[in-house]
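Asks: Throw the hints in and build the complete structure from the sequences for me.
Chains C and P are the protein sequences, given in the same order.
Mapping to numbering that gives the first Met the number 0: the first sequence position 67 is 66, numbers consecutive.
Mapping to numbering that gives the first Met the number 0: the second sequence position 247 is 246, numbers consecutive.
Wrong hints could be hidden among the right ones.
[As the list claims (entries may be wrong)] Ranges between beta-carbon positions, derived for each pair:
id, chain 1, residue 1, chain 2, residue 2, range
1, P, 375, C, 16, 20 to 28 Å
2, P, 343, C, 143, 55 to 63 Å
3, P, 227, C, 16, 40 to 48 Å
4, C, 96, P, 72, 21 to 29 Å
5, C, 203, P, 233, 54 to 62 Å
6, C, 198, P, 233, 33 to 41 Å
7, C, 44, P, 183, 40 to 48 Å
8, C, 211, P, 196, 23 to 31 Å
Note that these hints are calculated values from the structure, not bench results.
All values reported here derive from a predicted model rather than from experimental measurement.
Idealized CB from N, CA, C, for every residue including glycine.
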Amino acid sequence: MDDTRAILENAVNGLLMEEVTQKLLHESEEGAFAGALWAKLEAQGLIAIFDGLENPFLLAGAIIRACGRQALPLPLPETLVVHAVLPDELRNTLGTTPIALAETVAREGSSWVFGRAAFGRQSTNVLGLYDGTLIFARKAELAGKGEAIARDPRDTLRAAAVETATPKHDLTALAAMMRASQMAGAIERVLELTVRYATERVQFGKPIGNFQAIQQQLAILAGESAAATRAADAAWEEADRGGNVRIAAAIAKARAGEAAGKAASIAHQVHGAIGFTAEHVLHHFTRRLWTWRSEWGHESHWHGELGRHVLMLGAEGLWPDIATPA
Amino acid sequence: MGAFSFEPLTLPDAAERLRAEVRAFLAREMAVIPAVIRAQSWSGSDAAFSRKLGAQGWLGMTWPKKYGGHERSMLERYVMLEEMLAAGAPVGAHWIADRQSGPLLLRFGSEAQRMEHLPAIARGERFFCIGMSEPDSGSDLAAVRSRAEKQPDGSWRVNGRKLWTSGAHVAHCMIALLRTSTESKHGGLTQFLIDMKTPGISVRPIRDLAGHSHFNEVTFDNVRLPATAIIGQEGQGWSQVTAELAFERSGPERFLSCFRLIAEMLRIAGKNPGERATAAFGRLYAHLATLRRMSLSVAGRLSRGEDPALEAAMVKDLGALFEQDIPQLAHDLFGIAPDAHGARDYERVLAELTMASPSFSLRGGTREILRGIIARGLGLR
Ligand SMILES: Cc1cc2nc3c(=O)[nH]c(=O)nc-3n(C[C@H](O)[C@H](O)[C@H](O)COP(=O)(O)OP(=O)(O)OC[C@H]3O[C@@H](n4cnc5c(N)ncnc54)[C@H](O)[C@@H]3O)c2cc1C
Chain C
0 MDDTRAILEN AVNGLLMEEV TQKLLHESEE GAFAGALWAK LEAQGLIAIF
50 DGLENPFLLA GAIIRACGRQ ALPLPLPETL VVHAVLPDEL RNTLGTTPIA
100 LAETVAREGS SWVFGRAAFG RQSTNVLGLY DGTLIFARKA ELAGKGEAIA
150 RDPRDTLRAA AVETATPKHD LTALAAMMRA SQMAGAIERV LELTVRYATE
200 RVQFGKPIGN FQAIQQQLAI LAGESAAATR AADAAWEEAD RGGNVRIAAA
250 IAKARAGEAA GKAASIAHQV HGAIGFTAEH VLHHFTRRLW TWRSEWGHES
300 HWHGELGRHV LMLGAEGLWP DIATPA
Chain P
0 MGAFSFEPLT LPDAAERLRA EVRAFLAREM AVIPAVIRAQ SWSGSDAAFS
50 RKLGAQGWLG MTWPKKYGGH ERSMLERYVM LEEMLAAGAP VGAHWIADRQ
100 SGPLLLRFGS EAQRMEHLPA IARGERFFCI GMSEPDSGSD LAAVRSRAEK
150 QPDGSWRVNG RKLWTSGAHV AHCMIALLRT STESKHGGLT QFLIDMKTPG
200 ISVRPIRDLA GHSHFNEVTF DNVRLPATAI IGQEGQGWSQ VTAELAFERS
250 GPERFLSCFR LIAEMLRIAG KNPGERATAA FGRLYAHLAT LRRMSLSVAG
300 RLSRGEDPAL EAAMVKDLGA LFEQDIPQLA HDLFGIAPDA HGARDYERVL
350 AELTMASPSF SLRGGTREIL RGIIARGLGL R
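Replies: This is how it looks when you write it as structure tokens:
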């Protein structure tokens with residue numbers, strides 16, 4: 000791991016661990032914008048990382064995973080992905096302002112409608128993809144509020160004037176990688192919370208973590224966490240190498256999405272009733288896992304794409320493809 | 000940050016160059032080997048094939064030259080192994096000697112033991128078996144009862160029974176874990192290097208559910224071993240065997256056992272098997288690619304001299320689940336019955352691996368034992 004990456008990764012982990020309190024999560028989920036925290040992220044240099052840093056994708060992946068670990072209720076992951084796909088001349092005009100990322104774009108008369116825009120209400124800037132072209136609006140207006148069960152904004156924005164550009168990278172793939180890394184981070188956190196709870200909660204005179212049935216469940220959760228993290232990180236590594244990002248993204252999103260479902264159910268089972276309450280911190284992560292796994296292509300979508308790739312490779316082509324120098 | 004980590008690994012150029020050599024070799028050698036034999040993977044034994052690998056310099060690859068090794072890197076060896084397994088090469092005869100007996104002797108063996116056995120293993124001429132399990136000692140390995148008693152002249156007399164000993168019928172030697180003292184459960188165990196031709200040893204094949212006799216019962220009836228048969232220190236058997244098991248848990252064989260079935264499934268599927276089958280292949284691919292990345296990461300750490308025992312257990316646990324999913328998936332997708340005598344390769348390979356699959360989460364440490372190791376790594380035990 001190179002030094003810049005280690006330093007920035009530590010910075011983001013440290014900062015978010017301190018700042019993203021449960022209070023902040025509650026307030027954000029009630030509609031507040033954590034603007035003060037955004038300013039701190041700016042000050043730490045965590046936003047403009049596509050400005051000449053080496054291996055920016057690896058770094059982006061690490062930052063996004065850290066955001067997932069803390070359930071950061073701000074569009075830092077989305078903004079990084081937008082920076083990655085926009086042509087330099089357009090990106091250079093944006094500074095470090097938060098940017099919303101829309102999952103759908105449609106035309107309605109003379110205006111453009113951005114659907115399921117993550118953190119739409121917190122930004123006038125929004126990016127989406129229409130027919131392979133990037134559609135970017137600087138002065139989008141809020142046309143409808145929505146929120147997934149993550150309770151992070153998923154809004155509808157409308158704009159009359161837009162700029163268009165050819166994507167520098169595959170936006171759908173990078174957005175899928177973003178959700179995969181957020182899931183990997185959140186699963187790591189869920190594992191930590193669940194292991195800790197299992198050592199603290201006492202029933203039948205001993206910590207429930209002493210029961211083999213609980214240990215076996217936590218071992219499964221750990222395996223899913225490791226798989227999600229390796230699959231997600233690998234996709235960003237592939238992007239820096241200029242390899243087949245589409246396939247790596249598909250693997251990452253599909254594998255992390257599968258892990259997300261298993262992780263959430265094991266974590267809740269081990270936590271018992273307390274983990275089912277609004278008061279407990281667990282649901283901030285599990286609700287996001289259930290949201291993220293279905294955004295930017297759920298597992299079966301990416302399984303289909305990967306499956307077509309495998310069928311094209313055929314019986315003799317599969318192994319050479321799997322073992323291609325990564 | 001956490002209890003475990005899976006750092007990325009990029010294979011060095013030397014390893015990728017070797018891959019091309021191995022593929023060219025396999026293209027020549029594998030054409031004549033039937034699909035159902037390829038499906039047996041590292042359970043399939045072919046002494047002639049083992050000697051060919053020895054001649055290529057692909058056994059004992061990482062060992063010092065003075066012991067007949069080739070001083071190649073662990074990552075080169077990893078690549079050679081994964082290519083063999085993906086092709087379904089019959090590597091079973093030398094597998095145990097190359098993977099664990101040789102490394103064990105390098106680490107704990109006497110100079111005489113090393114000089115006598117390592118060059119022969121590296122030539123593909125000496126095969127080993129593992130005598131750990133017994134009738135009353137499975138997961139609870141330290142419950143081993145087979146006894147070695149020291150004789151007044153310093154030699155040993157062995158009595159007892161080993162069970163499930165893979166390849167004992169073709170092996171020249173066994174590394175056995177024997178009880179040399181009853182005073183302490185773990186402290187009373189010692190490892191011995193036993194010539195299988197020693198009088199008093201009998202090997203009885205055990206038929207498995209597929210009808211194969213890959214494993215055996217090995218009985219010791221007043222078997223006399225010389226004082227030099229001890230490996231390492233008397234009473235150190237437990238810690239030595241634990242180190243040995245680590246060699247056993249980390250390789251690509253822990254997720255590639257069913258690779259040949261995937262290939263046959265793709266042949267049956269053709270180019271357009273419908274949406275459900277397509278998605279199923281996609282899921283399989285995502286798992287396979289991720290497992291390989293995890294396994295490579297473990298290999299990278301081993302090659303840096305670290306001891307990623309927790310990560311290796313995680314890969315083996317996930318790998319066995321994956322391998323066992325594949326015959327199940329084949330069944331779900333195609334509705335063609337497994338048939339060991341069927342007309343098509345697919346039917347025979349599916350038969351072979353459907354019947355082999357229960358063993359994937361038993362051999363080398365059961366699923367429950369591995370998960371116990373993982374739980375300990377998480378701080379729960
Ligand atoms: C194909 C094959 C090849 C083999 N080759 C060899 C060989 O070459 N040499 C050799 O020495 N051995 C060999 N073995 C034996 C293998 O190592 C044992 O099968 C394994 O250690 C498990 O022991 P067991 O079968 O006695 O099962 P048991 O230990 O009796 O276990 C039965 C069940 O109980 C569970 N269990 C046991 N203890 C616990 C616990 N503490 N907590 C929770 N669950 C538990 C197990 O996980 C398993 O599900 C081979 C086995 C197979 C299947």
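Asks: Falls inside 40 to 48 Å, the C-beta gap from residue 44(C) to residue 183(P)?
Replies: violated, 59 Å
Asks: Please test the hint of 54 to 62 Å on the beta carbon pair from residue 203(C) and residue 233(P).
Replies: violated, 43 Å
Asks: Cβ-Cβ distance between residue 227(P) and residue 16(C): within 40 to 48 Å?
Replies: violated, 58 Å
Asks: Within 33 to 41 Å: is that where the Cβ-Cβ distance between residue 198(C) and residue 233(P) falls?
Replies: holds, 39 Å
Asks: Please test the hint of 23 to 31 Å on the beta carbon pair from residue 211(C) and residue 196(P).
Replies: violated, 44 Å
Asks: With respect to the beta-carbon atoms only, verify the hint that residue 375(P) and residue 16(C) lie 20 to 28 Å apart.
Replies: holds, 26 Å
Asks: Starting from the range 21 to 29 Å, see whether the pair residue 96(C) and residue 72(P) falls in it by beta-carbon distance.
Replies: Given range 21 to 29 Å: violated, Cβ gap about 49 Å.
Asks: Is the hinted range of 55 to 63 Å satisfied by the C-beta distance from residue 343(P) to residue 143(C)?
Replies: Given a distance of about 57 Å, which is inside 55 to 63 Å, the answer is holds.
Comparing the model with each numbered hint stated earlier shows that hints 3, 4, 5, 7 and 8 do not hold.
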